[in-house]
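Trainee: In case you want the letters, here they are:
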Amino acid sequence: MGTDIPLVWYLVTALFMFVMGGIGVVVRRNPVVVFMCIELMLNATNLTFLAFARYQIASAQTPEAALQAAMSGQMMVIFVMAVAAAEVAVGLGIIMAIFRLKNEAGLDDMSTMRG
Amino acid sequence: MSGNQIVFIVLAAIACIGAAGVVVFGDNPVRSALFLVLNFFVLGFLYFTLGAQLLGISQILVYAGAIMVLFLFVIMMLQQQSAFLRSTESDGRGPIAWLLGATMFMTVGAAVLAPLGGVTGSPILDTFGTPQSIGKVLFTGYAWPFLISSVLLLVGIVGSILLAKRKF
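Top line first, the protein sequences correspond to chains A and B. Residues 1 to 115, numbered by the numbering used here, are exactly what the first sequence covers, in order. Residues 1 to 168, numbered by the numbering used here, are exactly what the second sequence covers, in order.
In short, the hints are calculated from the structure, not lab data. Any given hint could turn out to be false.
Covered, in the sense of this in silico footprint (three residues per stretch, anywhere, with C-beta under 8 Å from a C-beta of chain A), are these stretches of chain B [stated by the list, open to error]:
1) 25-32
2) 39-50
3) 60-71
4) 103-112
5) 146-158
Glycine included, C-beta positions come from ideal geometry on N, C-alpha and C.
Sequences and hints are given; from them, build the entire structure.
Mentor: This is the structure:
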């Protein structure tokens with residue numbers, strides 16, 4: 001079951017999402033929105049992993065090698081999801097802790113470690 | 001243009017609108033979070049079009065469900081109290097960021113995507129994204145990373161509880 005969708009379409013979608021996340025990290029000064037933009041970038045890379053896993057460019061020699069190549073991309077996506085879940089829990093905890101520490105702070109005010 | 005391509009274009013357009021909305025409507029974090037939910041949800045369907053059923057389902061459950069609920073919960077708790085969430089002054093770095101983003105889009109697009117232009121779907125194994133095949137690989141070849149990620153999740157649980165209960 002092959003599809004007639006070119007690989008590049010998926011990559012362009014993922015690239016657009018990644019660039020939007022990067023712009024958002026720079027433009028927005030709100031810590032929660034910056035965090036959401038980081039999630040957006042993680043998901044863009046996930047889409048890239050899956051697209052490359054589905055469209056194998058190098059032709060595999062044996063069925064086992066093809067299965068290995070197709071699965072390694074999906075394994076990467078699973079682990080990125082697990083790490084992102086842990087990261088969100090701890091990151092939002094840190095944001096809440098910062099908020100309790102200094103009641104009113106933007107990202108630009110968190111500069112106590114500046115040399 | 002075939003039916004597959006039309007479905008893909010509709011899904012990708014909605015995903016891109018969601019991604020752009022997160023940044024453009026970032027003044028209001030709730031709106032931004034809802035656009036992100038839209039993006040994650042449609043991204044799950046893009047995974048379906050790639051044949052990865054299990055990952056599409058877990059994308060919708062984990063991201064659009066659990067993680068975004070966490071985000072909205074934190075926004076709800078913070079928003080009652082302060083201007084913490086409304087510090088949006090961009091002091092002139094906005095246009096530079098958009099310019100750099102457009103540059104990155106075009107540079108990566110030209111350098112990386114151009115050589116891949118002709119690649120279309122290859123005949124793929126029927127068992128590409130089924131739970132059986134993923135489970136078989138995850139519990140054999142990737143057993144160590146799987147166990148290590150479980151330790152990471154445990155550390156995440158303990159760390160977030162510690163951060164929440166600690167008196168500063």
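Trainee: It remains to establish, for every hint, whether it holds in the given structure.
Mentor: Hints versus structure:
Counting residues of the region 25-32 of chain B whose beta carbon lies closer than 8 Å to any beta carbon of chain A gives 3, which meets the minimum of three for the stated coverage. Here's how the region 39-50 of chain B fares: 7 of its residues keep a CB closer than 8 Å to some CB of chain A, so the rule of at least three is met and the hint holds. Residues of the region 60-71 of chain B with a Cβ under 8 Å from some Cβ of chain A number 6, which satisfies the need for three, so the listed coverage holds. Coverage of the region 103-112 of chain B by chain A holds [criterion: at least 3 residues with CB-CB distance below 8 Å; count 5].
By the rule of at least three residues with a Cβ nearer than 8 Å to a Cβ of chain A, the coverage given for the region 146-158 of chain B holds, with 6 such residues.
Checked against the numbered hints given earlier, the structure satisfies every one of them.
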